[in-house]
Structures are given as C-alpha cells and as structure tokens.
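Participant: The primary structure of each chain is shown beneath.
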Amino acid sequence: MASEAVAVKIQEGVAVDAVVPAASETSAQRKILLKSVEGEEFLVDELFARGSKMISNMIDDGFTEGAIPLPNVTAPVLSKVVEYWKHHVGKSETDKDAREFDRAFVKDASSSVLFDIIMAANYLDCKPLLDLACQAVADAIRDMNVEQVRGFFGITNDFTPEEEAAVLEENREWSNALTVTGNGQKESNEGGNIVLP
Amino acid sequence: MNSVPEGVVQHILSQMNNARDIASCACVSKRWKDSIPFLPSLYFPRGVFDGLPRVDADAAISHMVSSALRLEELIIYCPFSASLLASWLSLRSHSLRRLELRMDCTAEKPAPCRLDAIGSAKNLEDLKLWGVSLTKSPNWGVLQRLRVLEIVGAAVRDTAIKDVVQACPKLVELALLGCDGCSSVSIELDCLEKCRLDFLGSANCSVHLSSPKLMILELQGFSWIHVNERHSLRRLSIAKTSGSVYKVDVGKLPDLEYLSIRGVQWSWNAISSVLQSGSEVKHLLMKIEFTGDLDTLQPFPQIDLVDFFNNHQKLCKFEIHGAMFAALCQKNSLKNLDSRFSIPCLEEVLVMVRSPLNPMQKLNTLESLVKYSVNLQKLVIRISKMRNCHETADEFFKQICKFKHMNHNIVHIE
Numbered sequence: 020m021a022s023e024a025v026a027v028k029i030q031e032g033v034a035v036d037a038v039v040p041a042a043s044e045t046s047a048q049r050k051i052l053l054k055s056v057e058g059e060e061f062l063v064d065e066l067f068a069r070g071s072k073m074i075s076n077m078i079d080d081g082f083t084e085g086a087i088p089l090p091n092v093t094a095p096v097l098s099k100v101v102e103y104w105k106h107h108v109g110k111s112e113t114d115k116d117a118r119e120f121d122r123a124f125v126k127d128a129s130s131s132v133l134f135d136i137i138m139a140a141n142y143l144d145c146k147p148l149l150d151l152a153c154q155a156v157a158d159a160i161r162d163m164n165v166e167q168v169r170g171f172f173g174i175t176n177d178f179t180p181e182e183e184a185a186v187l188e189e190n191r192e193w194s195n196a197l198t199v200t201g202n203g204q205k206e207s208n209e210g211g212n213i214v215l216p
Numbered sequence: 014m015n016s017v018p019e020g021v022v023q024h025i026l027s028q029m030n031n032a033r034d035i036a037s038c039a040c041v042s043k044r045w046k047d048s049i050p051f052l053p054s055l056y057f058p059r060g061v062f063d064g065l066p067r068v069d070a071d072a073a074i075s076h077m078v079s080s081a082l083r084l085e086e087l088i089i090y091c092p093f094s095a096s097l098l099a100s101w102l103s104l105r106s107h108s109l110r111r112l113e114l115r116m117d118c119t120a121e122k123p124a125p126c127r128l129d130a131i132g133s134a135k136n137l138e139d140l141k142l143w144g145v146s147l148t149k150s151p152n153w154g155v156l157q158r159l160r161v162l163e164i165v166g167a168a169v170r171d172t173a174i175k176d177v178v179q180a181c182p183k184l185v186e187l188a189l190l191g192c193d194g195c196s197s198v199s200i201e202l203d204c205l206e207k208c209r210l211d212f213l214g215s216a217n218c219s220v221h222l223s224s225p226k227l228m229i230l231e232l233q234g235f236s237w238i239h240v241n242e243r244h245s246l247r248r249l250s251i252a253k254t255s256g257s258v259y260k261v262d263v264g265k266l267p268d269l270e271y272l273s274i275r276g277v278q279w280s281w282n283a284i285s286s287v288l289q290s291g292s293e294v295k296h297l298l299m300k301i302e303f304t305g306d307l308d309t310l311q312p313f314p315q316i317d318l319v320d321f322f323n324n325h326q327k328l329c330k331f332e333i334h335g336a337m338f339a340a341l342c343q344k345n346s347l348k349n350l351d352s353r354f355s356i357p358c359l360e361e362v363l364v365m366v367r368s369p370l371n372p373m374q375k376l377n378t379l380e381s382l383v384k385y386s387v388n389l390q391k392l393v394i395r396i397s398k399m400r401n402c403h404e405t406a407d408e409f410f411k412q413i414c415k416f417k418h419m420n421h422n423i424v425h426i427e
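For the record, the sequence lines run as chains A and B. Position in the first sequence counted from 1, then plus 19, gives you the working numbering. Position in the second sequence counted from 1, then plus 13, gives you the working numbering.
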C-alpha cells in the first residue's frame, strides 16, 4: 500500500511517530497550509510538515481543515525551516546532500538568524534542526571570553558586583580567558552579523 | 536571548565540551551559571593550563568536575596529578560513561596503582588511556559495562593484559596499540567484535584469541597467531614490520571479505594456510618481502596464476607488491592458462613492481590479468619505487608503456 511505504519513509528520515493517515489520500499527496505570524501562508507537503512533531501531532489530532497558525514563527524563518525539511525528511541520517545542505545552511547565518531558527525549531519541536542550530551557535562562541559571549547573545550581566567577583574567583584559574576586555568598559556587539568560521 | 527558554540554553551549552569555554560561560549570567551543572561533557585539551602551576590546574579540574553533576564524558589531555583521579572518578561514578586520559605527562613516576582509581567508575562504557604503565595488573574489580577499551603506547606485561581483559568481560571493541613488553597475549572474550593489537619490539610474540563474535581483527607484531575457529571474521589484517611470522592458525574464513597480509618475512606455511582459508575473500592485499621457514630470508616459490585465481573466485579487489608479484611471474606461472579459464569478479588491481628483472614474464602476467578478467575496470601499475639502475629497466619501461597504450581504459601507471 502506498501510504504504508510513505509511513516507513517518515520513520527512516525523522524521529516522528509514524501514523498512517486515515484519509483516502496518502500523506505524500496531501498538502498542509501553515500560516506565519504575519499571516503569510505556506503550502507544504504533509510529509515535510511532519518534520515538526508539534504539527504532526496536530494533524493526527484531526487538524486538517484550513491553515495551521504558527504565531511564534515569522515568514522568513518559516521558509528556512521548510527548506530544511525538504532536504532532510525521508532521507537517511548519513545522506551526503543533506549534510552539504546543513553546512551551507549555517555557514553565513548571522547570530540573529540562528537564534530565530533555534526558537522556531524549539517551538515546532524539530529536534534535528534544533541540534544543528545549537551546534552552530556553540561553535561560534568557542574561544570567546565572557564579554564577547555576552555581546554575541545580547545578554545582560545580571550578577551583582559581589556575585560576579565570587564567580570569577571560583574560576580564577581561567583568569586570562575570563576578564572584561579593554579598560573595563563593557563592549556590546548588538547581535550583529557574525560570520561563522 | 534573555527570553530564551531554559532548556534551549542548556541545549546550546551541551554542544560544548572545551573546559575553557565552559568556564567562560559560567561567568556570563546567573542563568548560564545555573546551567553548568547539567553539562554532559568536559574536555581539557593538551595545553589548556600551559604556564599555570600544577596545583592550579588540578584545582581547576577538580572544581569543574565537582560542578558537573551529571558528567557523562571526561577527557583530560593536559598534565594532571594522578593522585586526584580517585576523588574525581568516585565523585562522578554514577553518571560517567566515557573516560579518556593521557597519563604520560604526569610529573610523578607513573605508578601502576594510580590506575586502580578507574575501578571506581563502575558505569564506564568507553575507556581510552594513553601512555600508561601496565606492568602490574590494575585493581579494577569488574567493569561490567565497559564495551570499548583502547590503550595506546603502554609498557605492558603478559599477566597485566590478561587481568585487564578479565576485568572487562563484556568488551565489544579492544585496541592495544603501540604496546611494548609482551611475549604472549591470550584473550578470551565472548562479546568481542573488533580487535586491534599492535605490539612493538623485535622479540617474538604470540597471540591466542577466542571470541565467537569476532568480525574485525588487525594484528601487528606477532610471530605465532592462533585464533579459535569459532569466530565470524569479515576483515582480517596481519602484519609484522620486523622479524618473522612463523605460524598462522585462523580456522575457516567463510565470511571473509577483506584480507591483508604484510611483513618482512612469513613462513611459506603461514602464507599458504591463510590464503587457503581465505578462499572467499573479495578484497586481498599481499605485501610480504621474503619467505623461508628459518631465519634465512628466501624468495618466494613460483605461484601458478590459474591455481591462485581459481582458489579465490570471489576476488574483486587485488593488491600485490614486489616480491610476491614476482612469484606470479615465474617461468611456469602461466602454464595452465587455457580458454576455459576466467577471472570472474576481479574489478580493480594494484601491482607494485620493485625490479625490472624478467620484464617479459612480468608483462605476460599483466597481459593475462587483463585478458582473462571479464570485469576488469582498473589495473594500476606502481613503479615509483622501482630500482631502475639495471639495464633491463629501459626495456621494461618500453614494454609497460606499450601495454598501457594498448589497454588505455584500464591500465594506469603511477
């Protein structure tokens, strides 16, 4: 049966509960409408949309009419996520094209784009994409000192001066790595375009 | 980024394991500091504490190990005081699964008892040790969960190896590389699937292996090899870079896909018994310089081409070097060639020619390979290391070029 074959494909590519759709159309034929926060609509093959566990659960719960609203995801980010699904869903983990796509996907991504993808992947429950984006961010902050890390993420330092002194003291053996740069003024790097190595 | 959910911050931080980066992150903000205890992996690179006194480096490692409440993986390449290992490992024995240590740079004389500390990491699944001293058996009790063990560059003794193996009864992968000091190795492991043993030293060494699930075996440095015939070998590689291989006993090899035999000298019995057992092999590499049963080096006796390929019908990839190739090019090597002969599966061949002697016979053998191999796609003739000061060298080159020209899709010269 064609729908069974598709269900098997889903299992191979993405860790999604493979449920054979009850409808007479196979999921390969059916398309799902996704709506970004701005109201922009994306028509996506059901197979790919199931790359999101959240969407997959909604489909299984019977949400097949109209568009699925995604109020936490903007259109540019959603289109990137759909691109990711197209290159990954139904493919094996070691697929060469998928890996090449991943490399290019994160290569010139700015930190703000990466954060958006992380938030979207977290909300949509798409673990492979979350892993990819988190790894890219972790790689980006390698070898940074404390101030640089704060700048990259746009994080405010919420330690009191005493707490900050205590934590620096705890990690004093690393003192070279951790000191504030320059003359003690906090540099901020407003989450700008940081090209990943 | 301040509004990112807790789990996401931890997820990002979990992708890091460089201890220096983690120490940085601990100072970024309260939330980040609170995520540190959940990180699964710590890696201390080689030079991370360069310039720092030992006591400070030890303190930094101690602090981070005690902060990482759920530590699963600990990798220490930098110098550390081995006496602290016991406290670190017993502190994290519940969660620790992977441990990798460089021991060759400890300041104190490497005392064998320092390895005892590893016995307290009862849930360890993967252990790699560099530069240890295994001259006395470490007291590990039994590491029931250990599946992968790799020891590199160790000074060893026979009994110590035996006891280490007994302490890890469920090993699936074992590698003892660059080890020195053994005369006899005996390994009996029910779950072992992959085994690599590389022993240095010119003294003759023997190995006995008994592992019914063994699929991949790589041996270097043994003169006597006995593998219990109850095994599942798919890949077998036997090498001896100095000294001789006298006897090889591996039983039948019905599932063998890859066979590599290399060395300076192998006894003819050893070579023929392995080649006979490996009749189903698909990929074969032969690179032995001399044969001879005693310590006098002898050239190879003639190998009959037809016999050889009839006994290895499934051969798909074939690599043969110098002296062994010359044995295939003797006066009567081709005497059994007839129209019924064919080499059915051979697709790729690499021939390394060391000397230009007997050029016509070598050419005949090469031409026969091309003529009788119905599926041959590539024949590479490597002459880059050839001794070419002999006067037949010119004739040889001329003939080889002609041969290549006539079979230019298939033949390549390196």
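Errors might be hidden in some of the hints.
[What the hints assert, rightly or not] Okay, derived cross-link-like pairs now, DSBU-like style, lysine-lysine, Cα gap no bigger than 35 Å in a straight line:
id : chain 1 : residue 1 : chain 2 : residue 2
1  : B       : Lys226    : B       : Lys207
2  : A       : Lys146    : B       : Lys149
3  : A       : Lys110    : B       : Lys207
4  : B       : Lys265    : A       : Lys72
[As the list claims (entries may be wrong)] Here are the in silico distance ranges between beta carbons for each label pair:
id : chain 1 : residue 1 : chain 2 : residue 2 : range
5  : B       : Arg158    : A       : Lys72     : 30 to 40 Å
6  : A       : Arg161    : B       : Leu370    : 37 to 47 Å
7  : A       : Glu102    : B       : Asp268    : 35 to 45 Å
8  : A       : Arg161    : B       : Glu427    : 39 to 49 Å
9  : A       : Glu102    : B       : Pro182    : 41 to 51 Å
10 : A       : Ser129    : B       : Gly64     : 53 to 63 Å
11 : A       : Glu188    : B       : Glu113    : 21 to 31 Å
12 : A       : Glu102    : B       : Val393    : 24 to 34 Å
None of these hints come from the bench; they were simulated from the model. Positions of the beta carbon are idealized from the N, C-alpha and C atoms, including for glycine.
Participant: Look at each hint and say if it fits the structure.
Facilitator: Status of the hints after comparison with the structure:
1. B:Lys226 with B:Lys207: holds, 9 Å
2. A:Lys146 with B:Lys149: Violated. Lys146 (chain A) to Lys149 (chain B) sits at ~47 Å, over the 35 Å cutoff.
3. A:Lys110 with B:Lys207: Holds, at roughly 29 Å.
4. B:Lys265 with A:Lys72: Answer violated: Lys265 (chain B) to Lys72 (chain A) is near 50 Å, above 35 Å.
5. B:Arg158 with A:Lys72: 30 to 40 Å: holds, 31 Å
6. A:Arg161 with B:Leu370: 37 to 47 Å: violated, 58 Å
7. A:Glu102 with B:Asp268: 35 to 45 Å: holds, 43 Å
8. A:Arg161 with B:Glu427: 39 to 49 Å: holds, 41 Å
9. A:Glu102 with B:Pro182: 41 to 51 Å: Holds - the Cβ-Cβ distance for Glu102 (chain A) and Pro182 (chain B), about 49 Å, lies within 41 to 51 Å.
10. A:Ser129 with B:Gly64: 53 to 63 Å: Since Ser129 (chain A) and Gly64 (chain B) have Cβ atoms about 36 Å apart, the given range 53 to 63 Å is violated.
11. A:Glu188 with B:Glu113: 21 to 31 Å: holds, 30 Å
12. A:Glu102 with B:Val393: 24 to 34 Å: 42 Å Cβ-Cβ, so the 24 to 34 Å window is violated.
Taken one by one, the earlier hints fail for this structure at numbers 2, 4, 6, 10 and 12, listed in ascending order.
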